[in-house]
Amino acid sequence: MPLVAGIDCGSGFTKALVVAQDSPGAELRILGRGRARSGINVDQAANDALDQALAGNARSDLNYIAGTGFGRYNLSFRDIAITEITTAARGAYYLFPRPGAVLDIGSQTTRAIAVKENGRVNTFKSNDKCAAGSGMFIARAAKYLEVPLEQVGELSLHAAHSHPISSVCAVLAESEIINHVSSGVSVEDILRGIHDSLADRAGALLKRVGLHGELTFIGGVAHQQGMVRALEQRLNVKVNVAEDCEFVCALGAALLGLRRLASRN
Amino acid sequence: MRIAAGVDVGSTQTKAVLVGANGDGVKVLSRSLMDTGANVRKAAERAFDECCQAAGISQSDVGFVVGTGYGRYNISFGHTQMTEISCHARGAHFLCPGTRTVIDMGGQDAKAIGVGPSGEVLDFVMNDKCAAGTGRFLANAAEVMGLGLDDIGPLSLRATRPVKIATVCTVFVESDILSYLSQGKKPEDIMEGVHLAIAKRTLSLARRVNIEPLVTMTGGVARNIGMVRALETVLGQKIIVTADAQFMGAVGAALFSLEKLGESFESTVWRDHAVSSRD
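For the record, the sequence lines run as chains A and B. One rule links them: number in the working numbering = place in the first sequence (from 1) + 285. One rule links them: number in the working numbering = place in the second sequence (from 1) + 79.
Excised from the complex, chain B in its bound form (with noise of 0.2 Å):
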């Protein structure tokens, strides 16, 4: 089996990936997961480490290693380094088989990437100047409303009466909160006020590249129900979400290494592979 692996590392969280290839397919083998912190280097070091423990092999198992993220020339152990807007594209027609748009919204940044039939980059479009759309900001919200991060998206969904909250902007937001919490509102209606917002603004910066079905959602972000929900309410279209859309630039990152071990597939072979879209 060749073995090959992507570290996406991202502003916020570093992850790693290892694909194995053999006679019968292509299949994520494991996965890892940390916090970029301030050593960027460290971090892809210990997550590609831990992604090879949980596989049980060792880096030098390892083919190719591809690195991406903002944080990708620093990787010191990759072979070579790709943008996350390629990744992203690559690994969500991989995973998500017909995806022609990805919203992908990180720890610090928010894009759109519109994507060919065969996984190409066609065009895209990206937020860095503004916190709106991003982790950064939904973290932001639920420190304000005195929630975990994980708990927001699931008290929104609850939301029966949404506020309107009219500023996308991670430090207005906070006094819109506030002022809304002092009115006595629910924190689910709050919350789901706040995520329509966001996916308002998310979308409109989408428009500009053509949001083509399917639209698959990327980044860490996608981890966010209420967020996910909130962006469908406004496309008007559903949204397809894996188990590992978190994992999204570095499971990209990882299909490049093993064509970079020889290893060319075309993705549609795998349209069976588990994708486990929402309903």
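Here chain A stands alone, though its shape is the one from the complex (with noise of 0.2 Å):
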């Protein structure tokens, strides 16, 4: 029984992925999921990701390590090292095996991605030359509003409008944030206004690869149930996410892993 660890060495996070396959064919047994902040030192991270996900197997166990995510070039105990690219397309193709588009919104780096019939890319286009867009810009919002990160989706869903944000730079968001709370603007609809705004600029990058059929949305924003509302409002389409959205490119890695293993064999 092969076992298989995905690590996904984002800018903001490091996640752990351990799946098993009994079989060749059989269906994939995720054993375990660990997620740690990255850092400076990769390898510590993926460490610990690593060893929470192993959920209580050995690590002598795991028969191949597939590493992915912008730090992957600087996990040293890595087998393989694939471009999130690649490992976002074939985790969402996974949990939602049909062809579309894959926006992965992480801490610093937006990508959509157009994904073929067989789950392969067929093209895509990211933003990480600054935060506008990122998870960094809700970061920076939350933190000038004062309200948690993790109560940031909720929030925005519970808003009666939204109100607009005009600033694309998350560091003079500022004043135009404590603006609007100053002139009586609920926390609320300034959030739902941030979050329309991302989906736009989202909206802009997806339509550059071509938006057809469904569009899953994977990384850690997309566990912002606001975001995703403002994504099906704003773009008038049906969105895929998983529970497990911040995991999609560590579980791409994963079975990418397993059939190099598989090959190799």
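Please note that a few of the clues may not be correct.
[To be verified] Pairs of lysine to any residue, SDA-like flavour, derived with a Cα cap of 25 Å:
1) Lys-410/A <-> Ser-283/B
2) Lys-121/B <-> Glu-517/A
3) Lys-208/B <-> Arg-486/A
4) Lys-428/A <-> Ala-218/B
5) Lys-401/A <-> Asn-326/A
6) Lys-414/A <-> Val-242/B
7) Lys-414/A <-> Lys-339/B
8) Lys-243/B <-> Ile-325/A
9) Lys-121/B <-> Glu-461/A
10) Lys-264/B <-> Phe-355/A
11) Lys-121/B <-> Ile-463/A
12) Lys-414/A <-> Lys-121/B
13) Lys-410/A <-> Asn-359/A
14) Lys-243/B <-> Phe-355/A
15) Lys-339/B <-> Asn-206/B
16) Lys-121/B <-> Arg-486/A
17) Lys-208/B <-> Ala-489/A
Read the hints as simulated data drawn from the structure, not as lab findings.
Starting from the two chains in their separate frames, assemble the complex, guided by the hints.
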């Protein structure tokens, strides 16, 4: 029974997932998940995340480790490094096996990926130049509003209106947000405005790769229900979100790792 | 003596300047500077009041007041408003005669202005969408480094091997800085890397107006010697910075005020005006 780990070394968090497949073609079993803040030492974060994901299994039982994400080349104990574009498409297609587009919003990068019928990448576009449109934008806004990041998604759902935000820059948005607060706009309405503006920016990126079929939304920001609703309303598409939205790249890496292992044996 | 005022209500700081004209010429009489804060109107009033006190005159002695800057329409006592683009060009033309390009780096925006032979605006470009090239960016970088904003300029002049900074995003540069610090890079080399990255970005904006010499830098960021040097390095030519660089918008506004009072003058007459350009 091969045991494979996928480790996604993201810029904000490192996610690890351990899977087992009892026999070739058999259904995949996810044994555990782990998550650790990436910090500056990739190996250390990956070790932390992997130890959680092993869920009692011994490290020495692992047959293969596939690394992905921003820090994958700094992961010293990997068997293979795969780009997060490929792993995102593979993981998303495994969960929602239909062609369409994948939107990945992480803490520092936003990506739109068009996925073919077989789960392979057709084309992709990403924005990693600045925090506009990334999870960092929301994290900053939450900080200015003094709201815990975990509550952002829920609060935005309860907005009565969407209060638009014009700043693209996460830093310059601070004064705009403070102005909104001092002029009496509710925190909920401001957060919804932020989700709407991020959805529009994601929509522009998706348009460039072609948004056909369903949209699978992955990455840490997909946890925010307000963002999911904003995407559905602004882009007028059905949005799939997996419970494990943050682990999709790790899952894709593990799947590709399994295949690599099978072809090696 | 005719006295006129310019009040520049910036996004971060508010500047006021009084100029006076008599038979001997036009002189800057006094200046004041304060944080704009949330109450824009009050900041403008206080800046104007302090400026009058510094000159030892009462507000009623001031014949005309021109407001400029992003908060100019909030000035309760101003007679008229002008854009900060015109004011920076006018101020630079007066204090640094021969100026053909102004690079203005303020608290929340960065601009490049093409200036004509008589101080008129030929063209301008502006970045107010992104904090790169603004004081806000540098304040943030200084904070991450654990340094004061006034310390980063002199510090970066000591750099020997500037690091490479790939991003000009204020948010992302934080992780770049932290990762260089953890690698044991010297603070001066990191700061110089940051200044060079911002200089490149600012000049790629500025190249959209024709960068003609003389190039004068204005705005609060002009106080940062490290930033000035980095711009000179990337541009390959000297940049003029006067002690009044941060007040340039207010100086320009005050000169427009003086013209409204009927005091017309040609700034080349004041070629000998104290211009403390750097060598």
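Against the structure, the hints come out as follows:
Pair hint Lys-410/A plus Ser-283/B holds up; C-alpha atoms about 24 Å apart against a cutoff of 25 Å. Between Lys-121/B and Glu-517/A the CA atoms are separated by roughly 44 Å; this puts the pair beyond 25 Å, and the hint is violated. Only pairs whose Cα atoms come within 25 Å are accepted, and Lys-208/B paired with Arg-486/A is accepted, the gap being roughly 14 Å. A distance of roughly 18 Å separates the Cα atoms of Lys-428/A and Ala-218/B; the hinted pair therefore holds under the 25 Å criterion.
Annotation: proposed proximity of Lys-401/A to Asn-326/A is violated, straight-line Cα distance about 35 Å (limit 25 Å). With a C-alpha separation of about 18 Å, the suggested pairing of Lys-414/A with Val-242/B holds against the 25 Å cut-off. At roughly 47 Å between alpha-carbon atoms, Lys-414/A and Lys-339/B are farther apart than 25 Å, so this suggested pair is violated. For the given pair, Lys-243/B sits about 17 Å from Ile-325/A by alpha-carbon distance, which is consistent with the 25 Å threshold.
Straight-line distance between C-alpha atoms of Lys-121/B and Glu-461/A comes to about 19 Å, which keeps the hinted pair within the 25 Å bound. Proposed proximity of Lys-264/B and Phe-355/A is supported: the alpha carbons are some 22 Å apart, at most 25 Å. Using a Cα cut-off of 25 Å, the hinted pair Lys-121/B and Ile-463/A holds, with the two alpha carbons roughly 18 Å apart. At most 25 Å may separate the alpha-carbon atoms for a hinted pair to count; Lys-414/A and Lys-121/B exceed this at roughly 38 Å.
Pair hint Lys-410/A plus Asn-359/A holds up; C-alpha atoms about 24 Å apart against a cutoff of 25 Å. At most 25 Å may separate the alpha-carbon atoms for a hinted pair to count; Lys-243/B and Phe-355/A meet this at roughly 18 Å. With a CA separation close to 31 Å, the supplied pair Lys-339/B and Asn-206/B exceeds the 25 Å bound. For a cut-off of 25 Å, the pair hint linking Lys-121/B to Arg-486/A is broken: about 37 Å separates their Cα positions.
Taking the CA atoms of Lys-208/B and Ala-489/A, the gap is near 17 Å; set against the 25 Å cutoff, the hint holds.
The structure shown violates the earlier hints numbered 2, 5, 7, 12, 15, 16.
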